[in-house]
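Enquirer: Listed here are the chains, written in short residue letters.
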Amino acid sequence: MGPLIPNGILTGNWDFVIALLLGIAFGFVLEASGFSSSRNLAGVFYGYNFVVLRVFFTAVIVAMVGLLYFDYFGWLEMDKIFILPTYLTPMITGSVVMGFGFIIGGFCPGTSYTAIAIGKLDALVFTGGLFLGIFLFSEAFPLFQDFYYSGDMGSPTITDMLGISAQWIAFAFVVIALAAFWITWIIEKRVRKNITPYKF
Amino acid sequence: MKKHKIKNYPHYINPYFGGLLLGILIIVTVYITGRGLGASGAVKSAVVTSVDVVSSSHAEESAFYSKFISDDHSPMYNWLVFESIGIFIGGLLSGAIFGRIKKFRVEHSPKITSKTRLIGAAVGGILFGFGSQFGRGCTSGAALSGTATFSFGGMIVMFGIFGTGYAVAYFFRKLWI
Numbered sequence: 000m001g002p003l004i005p006n007g008i009l010t011g012n013w014d015f016v017i018a019l020l021l022g023i024a025f026g027f028v029l030e031a032s033g034f035s036s037s038r039n040l041a042g043v044f045y046g047y048n049f050v051v052l053r054v055f056f057t058a059v060i061v062a063m064v065g066l067l068y069f070d071y072f073g074w075l076e077m078d079k080i081f082i083l084p085t086y087l088t089p090m091i092t093g094s095v096v097m098g099f100g101f102i103i104g105g106f107c108p109g110t111s112y113t114a115i116a117i118g119k120l121d122a123l124v125f126t127g128g129l130f131l132g133i134f135l136f137s138e139a140f141p142l143f144q145d146f147y148y149s150g151d152m153g154s155p156t157i158t159d160m161l162g163i164s165a166q167w168i169a170f171a172f173v174v175i176a177l178a179a180f181w182i183t184w185i186i187e188k189r190v191r192k193n194i195t196p197y198k199f
Numbered sequence: 000m001k002k003h004k005i006k007n008y009p010h011y012i013n014p015y016f017g018g019l020l021l022g023i024l025i026i027v028t029v030y031i032t033g034r035g036l037g038a039s040g041a042v043k044s045a046v047v048t049s050v051d052v053v054s055s056s057h058a059e060e061s062a063f064y065s066k067f068i069s070d071d072h073s074p075m076y077n078w079l080v081f082e083s084i085g086i087f088i089g090g091l092l093s094g095a096i097f098g099r100i101k102k103f104r105v106e107h108s109p110k111i112t113s114k115t116r117l118i119g120a121a122v123g124g125i126l127f128g129f130g131s132q133f134g135r136g137c138t139s140g141a142a143l144s145g146t147a148t149f150s151f152g153g154m155i156v157m158f159g160i161f162g163t164g165y166a167v168a169y170f171f172r173k174l175w176i
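Same order as they appear, the protein sequences are chains Y and Z. The first sequence runs 0 to 199 under numbering that gives the first Met the number 0. The second sequence runs 0 to 176 under numbering that gives the first Met the number 0.
Derived by calculation from the structure, the hints in this document are not laboratory data. These numbers come from a predicted model, not from an experiment. Glycine is no exception: its CB is placed at the ideal position from the N, C-alpha and C atoms. Possibly wrong hints are sitting among the right ones.
[Unchecked claim] A partial selection of chain Z residues facing chain Y, derived with a Cβ cut-off under 7 angstroms: (1) Pro-14; (2) Val-52; (3) Phe-149.
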């Protein structure tokens with residue numbers, strides 16, 4: 000049955016309305032979780048606030064397990080969903096550069112949009128930086144065009160690379176995430192002396 | 000004192016509940032569109048559009064810009080652009096509900112000046128924008144949605160961003176703590 004748009008169940012005319020609605024939900028969750036503050040985000044690297052790790056890992060394990068159930072029930076054809084391609088060396092390089100950008104700038108692109116919405120000028124400057132960074136990349140593209148396309152491995156899944164089934168990968172992520180939640184809670188308690196536990 | 004503290008405490012939702020909502024949102028997004036969420040793609044569309052408006056011959060000759068230019072519609076007529084406008088509106092809604100929309104301000108550690116924070120934000124933004132092109136996406140599109148859909152490349156980007164963050168955090172600690 001799913002994915003709905005690639006399978007022609009929802010027609011293309013609804014694309015942009017759906018994009019807007021999904022974006023609103025995304026922005027709402029990011030802001031409501033505290034991702035509109037660079038100091039909250041940077042806390043994950045210094046042990047005083049692990050909100051990034053909690054939200055990120057919970058989302059990953061919920062999505063992984065949920066997608067596997069959708070596949071199992073026959074609601075979603077997994078071979079029709081987009082798998083991000085792998086260009087090994089440029090992607091390692093790019094992620095290292097982004098890591099520096101994260102620790103120096105305190106935001107990532109999506110979170111900076113929500114921070115602009117509540118009036119953070121540092122987020123506005125960060126987004127201006129994004130524009131400039133992508134512009135510089137595009138102008139300099141001929142210099143590293145070959146590198147950009149190097150390490151092309153197609154679109155492998157983790158299963159393709161490791162030979163471990165998706166179910167076990169998801170299970171491993173769940174176990175690692177739960178361990179990480181527990182360990183980071185102990186670290187955060189030590190770093191922030193008078194922190195109150197989260198309540199539902 | 001206690002009352003004062005409660006008043007200034009930002010009312011964030013429980014992070015595990017936030018993560019649950021975000022995970023469900025990824026499932027819904029993949030179920031409807033066949034792919035995950037993104038963010039940096041919208042800025043790329045804005046860059047391509049700006050260059051195309053200023054000098055369309057330059058854009059058409061470029062091996063990079065030309066990939067995203069089409070004759071029948073503007074590069075802004077793109078799924079990720081609409082989604083990113085949504086991210087902004089969603090942030091606005093949440094900020095309004097939880098009372099976090101205030102006048103324009105620069106948030107920074109008390110140990111640094113606003114100017115230092117803004118320079119950091121600009122430099123960080125440039126690096127993030129630059130890196131996102133090699134990474135085929137940013138934290139949303141590659142690290143989060145990529146990993147959630149079991150993409151090997153997505154997982155590489157996730158470990159790369161957070162691993163680098165931890166590896167170099169010590170050198171930039173004065174910006175934050």
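Enquirer: Indicate, hint by hint, whether the structure satisfies it.
Expert: These are the hints, each one checked on the structure:
no.: 1; hint: Pro-14; result: holds (4 angstroms)
no.: 2; hint: Val-52; result: violated (13 angstroms)
no.: 3; hint: Phe-149; result: holds (4 angstroms)
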